[in-house]
Amino acid sequence: MRIWLIGADQAGTVALQQLRKNPDIQVVVSDAVSRPKAVEQRVLAQLDFVESVTPLNINQIARRIRPDLILLDGGAIQRAFARLSEGFAFAESIQNEIAAASDIPCIIL
Amino acid sequence: MIQYPLQVTRQTVFDLRRFFIVLGLTALVLLLPFPDNLAEEGQRAIALFVFTGAILALEPAPLPISALLVPVAQVALGIDNVSGAFSAFAQPSLFLVLSSLFLAEALRKHGLTRRLAIYAMIASGGQLPRLLFNVMLMTTLLSMWVLNTATTAVLIPVALTIAQYVPQPEQARRTVATLVLGIAYAASLGGMATVVGSGENAIAAGYLNSLRPFTFMDWSIYAIPLVLLLMPLSWWLLIKLMKMPDLKIDIMPVLREFVRLGPFTDTQVRILLVLALCVILWVFGGYLEGLLNLPQTLLSSAIVSIVAVAFLSISEVVDWNDLKGVNWGVFLVIGAGFTLGDTLQKTGAATWFAEMLAPSLSGLPYGVVLFAVVAVGFALTQFMNNVALGAILSPLLISIAGASGIDAVRLVMPVMLAVGVAFMLPSASARMTLVSVSGAVSRAEMSRIGFLVGLPSVLLIAAVFLLLSVFGLV
Numbered sequence: 001m002r003i004w005l006i007g008a009d010q011a012g013t014v015a016l017q018q019l020r021k022n023p024d025i026q027v028v029v030s031d032a033v034s035r036p037k038a039v040e041q042r043v044l045a046q047l048d049f050v051e052s053v054t055p056l057n058i059n060q061i062a063r064r065i066r067p068d069l070i071l072l073d074g075g076a077i078q079r080a081f082a083r084l085s086e087g088f089a090f091a092e093s094i095q096n097e098i099a100a101a102s103d104i105p106c107i108i109l
Numbered sequence: 001m002i003q004y005p006l007q008v009t010r011q012t013v014f015d016l017r018r019f020f021i022v023l024g025l026t027a028l029v030l031l032l033p034f035p036d037n038l039a040e041e042g043q044r045a046i047a048l049f050v051f052t053g054a055i056l057a058l059e060p061a062p063l064p065i066s067a068l069l070v071p072v073a074q075v076a077l078g079i080d081n082v083s084g085a086f087s088a089f090a091q092p093s094l095f096l097v098l099s100s101l102f103l104a105e106a107l108r109k110h111g112l113t114r115r116l117a118i119y120a121m122i123a124s125g126g127q128l129p130r131l132l133f134n135v136m137l138m139t140t141l142l143s144m145w146v147l148n149t150a151t152t153a154v155l156i157p158v159a160l161t162i163a164q165y166v167p168q169p170e171q172a173r174r175t176v177a178t179l180v181l182g183i184a185y186a187a188s189l190g191g192m193a194t195v196v197g198s199g200e201n202a203i204a205a206g207y208l209n210s211l212r213p214f215t216f217m218d219w220s221i222y223a224i225p226l227v228l229l230l231m232p233l234s235w236w237l238l239i240k241l242m243k244m245p246d247l248k249i250d251i252m253p254v255l256r257e258f259v260r261l262g263p264f265t266d267t268q269v270r271i272l273l274v275l276a277l278c279v280i281l282w283v284f285g286g287y288l289e290g291l292l293n294l295p296q297t298l299l300s301s302a303i304v305s306i307v308a309v310a311f312l313s314i315s316e317v318v319d320w321n322d323l324k325g326v327n328w329g330v331f332l333v334i335g336a337g338f339t340l341g342d343t344l345q346k347t348g349a350a351t352w353f354a355e356m357l358a359p360s361l362s363g364l365p366y367g368v369v370l371f372a373v374v375a376v377g378f379a380l381t382q383f384m385n386n387v388a389l390g391a392i393l394s395p396l397l398i399s400i401a402g403a404s405g406i407d408a409v410r411l412v413m414p415v416m417l418a419v420g421v422a423f424m425l426p427s428a429s430a431r432m433t434l435v436s437v438s439g440a441v442s443r444a445e446m447s448r449i450g451f452l453v454g455l456p457s458v459l460l461i462a463a464v465f466l467l468l469s470v471f472g473l474v
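Chains A and B are the protein sequences, given in the same order. Okay, so the first sequence: first residue is 1 according to this note's numbering, each after it adds one. Okay, so the second sequence: first residue is 1 according to this note's numbering, each after it adds one.
Treat the hints loosely; a few may be bogus.
[Unchecked claim] A short, non-exhaustive set of chain B residues, derived as facing chain A with CB atoms under 7 Å:
#, residue
1, Arg-108
2, Thr-149
3, Ala-153
4, Val-154
5, Pro-157
6, Leu-160
7, Thr-161
8, Gln-164
9, Pro-167
10, Pro-426
11, Ala-430
12, Leu-434
Hints were generated in silico from the structure; no laboratory data involved. Just so it is clear, the structure is predicted and the values come from calculations on it, not from any experiment. Think of the CB as a built atom: it goes at the ideal place given N, C-alpha and C, for glycine as much as any other residue.
Could you put together the complete structure from these sequences and hints?
Printed below as a string of structure tokens:
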């Protein structure tokens, strides 16, 4: 099984640690920043790629990666917009739209 | 398909250099020689005015924290004690804004904003200009009753999803840019329509109410018709300027999403009922009070708002945890605005300012003063948060109105409406900041389109008020 993990913040890092328990699961990890929490905490040496995922490009990137499942770390997006007025609502809406736009099953962590 | 990086925001939390500029400007005012007809206390109030203007414009700290420093400065300058400094935070208008925050959160949390956007898309049949109109209309109508930034925050990502269904990349880019700008403009326009729609309206209404009874409807009776003119104007200008493709997109994915959402839930119906009831009581509360012989102000907009907040909270539609990401800052900025106005009045600084302006303003035709202050409001709002600007301009405008012998409503309302036309820069409003971080519109495009849509809008606002004054309707 191939899983694409979008965002390697708190929840993404925990998910990554759990998914590694099963060697049959292949995880592709991306984030909008090059050194997210999973890299900082050395759970992951480096990301597979650095890219901002939006409702607009989710399917295009997914066609390249060919995952069976997408896991979306909401914390990573919320962190990015935390200092904006209504940043929380904006981040949550971005996550919901990414999940809604995705042709592949997408779960928000 | 094209990609838009969602820019990760990086911002210094505290800028010491800017803070020193604020303190320097304040100290400069204190060191200037006293004008003969201004008491020492009045001069300190002018210093507080400069401090407030500088700290809200330069934002050395996040805006809400900067706003909280205004009453602190009031005490530090010896103008008032702590009770007096914070008493302005108990203005009824602030509680209207509280309900607006709650309602916006309830709509967002329970997916009503998104659901209504999906209805708007389906009703357009996928025809892009009509889809833009429907989404803008829906955004305008919602933003009338709930704080407009919250609506924008939910709907900009929906615009990104819509653009996914436009096959050709350049057309998709134009579509997403037009939709994102349309949503932000419509939210700003909707926010103008009522006292609860935007923070600067609440501030202005609070000031006007201190001069004479000024109700919820006193604002909306002028603002709603104007908004109903401005919204189609913005839509038409946007389509022309952005050269939005006249395409019909496939709405099957939207229909699938519509089916997936299912019928309205009980909670969603309850929220809509509360919103409808609030709107009815905000509009007809005063009339019902008289009709039912109820205690005075029992059905005032602030009381209605508090009851709505209490109901939403006890019925567990929204709890305090849900409000952690809400734009609380606006509450504090409005409070800071009232603190400033209170100080200028109490110390006589406002009278001194009006007397100073009187020789140059008295006798000037209303139209000249109107177009001048509207132009100033429109220019400043592009560089400054519009709630903060409303806080600074409102007491100033009331002084100008006094000095020029013009009724305060005739100046305060058009300028506050012009302040809402903050379309050009990310710094103009929280909505334009969201447009900017969506990456859908370049800075140059935002400024160009913002100017070309904003200028006719403010000219229309000024022209309508001039016309109303000619016919003695304002």
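Query - Given hint Thr-149 (chain B) near chain A, where the shortest CB pair must fall under 7 Å - result: With a minimum Cβ separation of about 5 Å from chain A (threshold 7 Å), the hint on Thr-149 (chain B) holds.
Query - Gln-164 (chain B) as chain A interface residue, shortest Cβ-Cβ below 7 Å - result: holds (5 Å)
Query - Closest C-beta approach of Thr-161 (chain B) to chain A relative to 7 Å, hint status - result: holds (4 Å)
Query raised in the report: Can Pro-167 (chain B) be said to touch chain A, with a Cβ gap under 7 Å?
Result: violated (13 Å)
Report task. Report holds or violated for the interface hint on Pro-426 (chain B), using the least CB-CB distance to chain A and a cut-off of 7 Å. Result -> The hint is violated - Pro-426 (chain B) has no Cβ within 7 Å of chain A, the shortest such distance being about 10 Å.
Query raised in the report: Taking the closest Cβ pair, is Ala-430 (chain B) under 7 Å from chain A?
Result: This interface hint holds because 4 Å falls under the 7 Å limit.
Report task. Could you check if Ala-153 (chain B) really has its C-beta closer than 7 Å to a C-beta on chain A? Result -> Because about 4 Å separates Ala-153 (chain B) from the closest Cβ in chain A, which is inside the 7 Å limit, the hint holds.
Report task. Could you check if Leu-434 (chain B) really has its C-beta closer than 7 Å to a C-beta on chain A? Result -> holds (6 Å)
Query raised in the report: Measuring from the C-beta of Arg-108 (chain B) to each C-beta in chain A, is the shortest one below 7 Å?
Result: holds (5 Å)
Query raised in the report: How about Val-154 (chain B): closest beta carbon in chain A under 7 Å, or not?
Result: Hint holds; Val-154 (chain B) Cβ to chain A Cβ min 5 Å, cut 7 Å.
Query raised in the report: Does the interface hint hold: is Pro-157 (chain B) within less than 7 Å of chain A, judged Cβ to Cβ?
Result: holds (4 Å)
Query raised in the report: Can the hint on Leu-160 (chain B) be confirmed by a CB-to-CB distance to chain A that is less than 7 Å?
Result: holds (4 Å)
Of the numbered hints given earlier, the model fails hints 9, 10; all others are met.
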